[in-house]
Amino acid sequence: MSINWTNYCASGLHDELIGPGGGARVAGRALIRHLSELGSQELGVRQQAAELAIKVMGVTFTVYHEQGGSIDRAWPLDIIPRIISSREWNRIAAGLKQRVGALNHFINDVYHEQRIVKDGIFPLYIIASSRNFRPNCVGINPPQDCWAHICGSDLVRDKDGTVYVLEDNLRVPSGVSYMIENRQVVKRVLPELFENTAILPVDDYPSQLHETLVALSPRRERLPEIVVLTPGIYNSAYFEHSYLARQMGCELVEGRDLAVQDDCVYMQTIHGWTRVDVIYRRIDDDFLDPQSFRADSTLGVPGLMRAWAKGNVALANAPGAGVADDKLVYTYVPDMIRYYLDEDPILPNVPSWRCAEPEQLEHVLAHLDSLVVKPVDGSGGYGMLMGPTASQRERNHFATQLKASPRNFIAQPVITLSTVPTFVDERIEPRHVDLRPFILSGPKTYVTTGGLTRVALREGSLVVNSSQGGGSKDTWIVDIEA
Amino acid sequence: MLSRVAENLYWLSRYLERAENMARLVNVNANLLLDLPPEYRPGWLALIDITGSRELFDAREKRGEERDVVHFLIADLDNPGSILSSVSFARENARTLRDVLPNEVWEHMNELFMEIKEKLPAALSKRSRFHFLQRIIRGMQTLTGELEGTMSRNDAFTLLMLGRNLERADMTSRIIDVRSAQLLPADAPGFQPFETIQWLNLLKSLSGYQMYRLSQRTRVSRSAVLEFVLRDLQFPRACLFCLKEVEHFLRALPRSAGVLGSLEGACSFLDRATLETLDQPGLHELIDRLQVHFIVVHEGIAETYFPPSAGSSGLQVQFSSEEHQKMPLSSGAAAI
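Which chain is which? The protein sequence lines are A and B, in order.
Counting along the first sequence from 1, when you hit position 467 you're at 467 in this note's numbering, and nothing is skipped either side.
Counting along the second sequence from 1, when you hit position 252 you're at 734 in this note's numbering, and nothing is skipped either side.
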């Protein structure tokens with residue numbers, strides 16, 4: 001049975017593949033033609049093949065289980081890809097590089113002279129009240145003055161087609177391994193498409209990451225010892241930690257494998273203790289070193305901060321980089337770009353109200369039924385108020401919270417995320433998506449080809465987080481001129 | 483290689499080998515029971531003793547009938563030595579080892595684990611049990627082949643081989659012990675005709691009948707079979723062969739002098755044993771003492787290469803020297 005796209009209803013939405021008239025957008029023409037030829041039944045067969053491949057490949061993510069344990073779930077992938085033309089992507093990639101460049105300037109400035117505060121661009125109170133500002137990072141000079149070597153920024157497209165940056169994840173962003181594995185799976189189940197379309201490859205990331213990490217090594221004379229530091233097997237992103245270690249050919253360590261001696265870091269191996277040069281850590285600051293941060297952390301390494309501060313080991317991302325991973329700080333990123341780079345921002349922020357500023361708070365309180373309210377340090381889509389769909393009680397509850405701790409919230413208009421055709425219950429229907437590209441900073445800046453597209457599988461839902469029933473899609477950057 | 487990873491590799495390999503051998507153990511007992519006249523059938527409880535899990539089993543307050551024992555050995559997750567537990571532990575360990583195991587091996591392992599869990603109910607029915615156990619044995623053998631064929635001969639491979647061979651030696655000794663279970667009255671009147679059947683069965687359970695024939699060229703006899711399964715240097719499931727493999731791989735590791743000393747002790751103990759004159763209780767005791775040697779070698783490996791035990795799993799080796807009480811299967815899951 002062939003697919004009838006006239007029934008595909010994305011009215012009032014921006015669909016990434018189907019234009020307003022019901023015809024395929026240029027970059028997606030070959031795909032739409034191919035899907036129509038396949039028909040929905042065959043598409044179902046391919047979808048099942050993809051799910052089987054994911055199971056066999058062991059691509060999983062971990063969800064915490066009610067009974068205190070945790071379970072491995074097969075990674076949810078919808079096989080219909082999301083397509084962006086290379087011309088549009090080049091502009092987005094340039095915007096991301098610009099943005100992360102400014103953010104790294106900002107973090108370095110925050111831990112040094114704080115020029116941006118002195119020049120009146122950025123208010124001091126935000127730093128003073130930041131949960132992720134680390135006083136023990138002040139004055140430290142990490143290699144290349146770079147703090148956020150790995151950044152995952154979330155992009156959304158509104159119904160008018162504009163791409164916005166929704167947030168920048170500068171602590172331990174995850175998802176890149178799924179981006180690569182999604183491509184592997186889709187290549188397996190839709191191979192004929194790759195023969196006829198110029199789809200840019202995505203699997204360059206691990207070697208780029210490795211290069212970024214090598215450049216951080218404090219010792220130049222030999223091959224540096226690089227490790228990936230994971231909280232352990234029950235972390236929801238453990239699959240990714242293991243995946244990246246494997247792809248880069250380096251050890252996947254836990255805190256208990258490491259020890260600090262004479263302000264140098266060593267790992268325990270069958271040969272005895274071996275010096276470590278660079279740690280790609282996937283543990284939050286709080287748990288990194290019980291001597292510097294949370295004393296009850298068993299995941300970290302006592303003395304690690306001292307070793308890092310002395311420059312004997314490199315940490316990526318640097319401790320303290322999370323100061324910029326704050327949605328109130330986010331509202332200043334366009335200002336940072338102008339201030340540090342003297343450029344106009346290429347990618348816009350989602351318009352945001354700072355609840356910390358009294359007039360803006362007033363506006364937010366008066367328009368709670370049309371706004372989204374977000375905690376400044378939240379992630380995973382938790383702790384938000386979706387004004388239009390919330391009950392009056394929920395809105396009242398949030399109003400109380402907003403008045404009590406305005407610093408902790410920002411508000412934004414509801415963005416009607418763009419949609420992509422998605423295979424649901426034997427049919428193709430529009431579902432909302434976002435996009436998380438990853439940006440590597442070092443001697444040079446690298447942006448992934450596309451990123452991880454997350455899709456809200458429930459009809460009408462805007463929540464794409466995999467912990468809350470979201471799925472994912474392969475993301476194609478297609479060179480249509482070729 | 484990280485000490486913790488070394489420990490996980492070693493245990494992964496032990497658990498895989500254990501699952502396979504547990505399948506062999508159950509199969510050999512089932513076959514044996516079919517071959518023996520009713521008055522000599524040793525029943526199933528012997529398997530509980532041989533795997534050192536009497537206490538655990540007694541706590542179940544089951545009658546010790548076939549169904550109870552088979553369920554306990556195959557599917558009981560509270561029995562750390564059951565096939566299901568071994569497979570689960572192996573998978574937990576493998577999950578932490580994806581960066582060192584070849585991808586194909588991981589994929590196959592994953593497939594096999596899923597299949598075992600799925601088909602478990604079949605294992606509990608008498609009719610389909612043999613096939614299920616056969617599938618496990620074949621699956622594990624395939625994994626072994628994939629490791630041989632795709633994995634570099636690096637430290638990770640060495641650790642896998644150490645675990646496999648030590649576990650195999652231990653399990654072979656336990657499978658031999660099925661024959662020396664007290665319930666089997668070797669000198670009972672009228673039993674002699676069945677004596678040969680038992681040893682034949684033992685060889686078959688180790689996939690060793692053909693190889694025995696090729697190497698021994700004599701009729702199947704007790705002392706010749708014992709010689710073969712304990713001391714043969716060519717048959718890969720014979721205890722001494724396994725120990726020599728352990729020695730070979732230990733030599734590839736740094737700092738192995740201490741463990742090699744313990745290993746030498748185990749080998750010379752086996753070498754010196756006089757098998758021809760051994761009666762049933764004597765064989766039983768020999769195997770007990772042999773297993774103590776295995777534990778000493780294991781402890782040497784653990785002390786030299788693994789993280790201090792505070793960091794590892796709470797399941798520790800409990801050796802009891804009490805008479806007729808077998809030591810339980812040692813375990814060391816991924817320390818999580």
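Keep in mind that the hints were calculated from the coordinates and are not lab data.
Backbone N, C-alpha and C fix where the C-beta goes; we use that ideal spot for every residue, glycine too.
Warning: the hint list may mix true and false statements.
[Stated by the list, open to error] Between beta-carbon pairs, the in silico distance windows are:
{"#": "1", "chain 1": "A", "residue 1": "Pro218", "chain 2": "B", "residue 2": "Asn636", "range": "19 to 29 Å"}
{"#": "2", "chain 1": "B", "residue 1": "Glu600", "chain 2": "A", "residue 2": "Gly378", "range": "38 to 48 Å"}
{"#": "3", "chain 1": "A", "residue 1": "Asp344", "chain 2": "B", "residue 2": "Arg635", "range": "42 to 52 Å"}
{"#": "4", "chain 1": "A", "residue 1": "Gly249", "chain 2": "B", "residue 2": "Ile679", "range": "50 to 60 Å"}
{"#": "5", "chain 1": "A", "residue 1": "Pro218", "chain 2": "B", "residue 2": "Arg536", "range": "21 to 31 Å"}
{"#": "6", "chain 1": "A", "residue 1": "Gln291", "chain 2": "B", "residue 2": "Leu602", "range": "39 to 49 Å"}
{"#": "7", "chain 1": "B", "residue 1": "Glu600", "chain 2": "A", "residue 2": "Lys187", "range": "21 to 31 Å"}
Now for the hints, and whether the structure bears them out:
{"no.": "1", "hint": "A:Pro218 - B:Asn636: 19 to 29 Å", "in the structure": "holds (27 Å)"}
{"no.": "2", "hint": "B:Glu600 - A:Gly378: 38 to 48 Å", "in the structure": "holds (39 Å)"}
{"no.": "3", "hint": "A:Asp344 - B:Arg635: 42 to 52 Å", "in the structure": "violated (58 Å)"}
{"no.": "4", "hint": "A:Gly249 - B:Ile679: 50 to 60 Å", "in the structure": "holds (54 Å)"}
{"no.": "5", "hint": "A:Pro218 - B:Arg536: 21 to 31 Å", "in the structure": "violated (57 Å)"}
{"no.": "6", "hint": "A:Gln291 - B:Leu602: 39 to 49 Å", "in the structure": "holds (48 Å)"}
{"no.": "7", "hint": "B:Glu600 - A:Lys187: 21 to 31 Å", "in the structure": "holds (28 Å)"}
The structure fails to meet hints 3, 5 from the earlier list, while all remaining hints are met.
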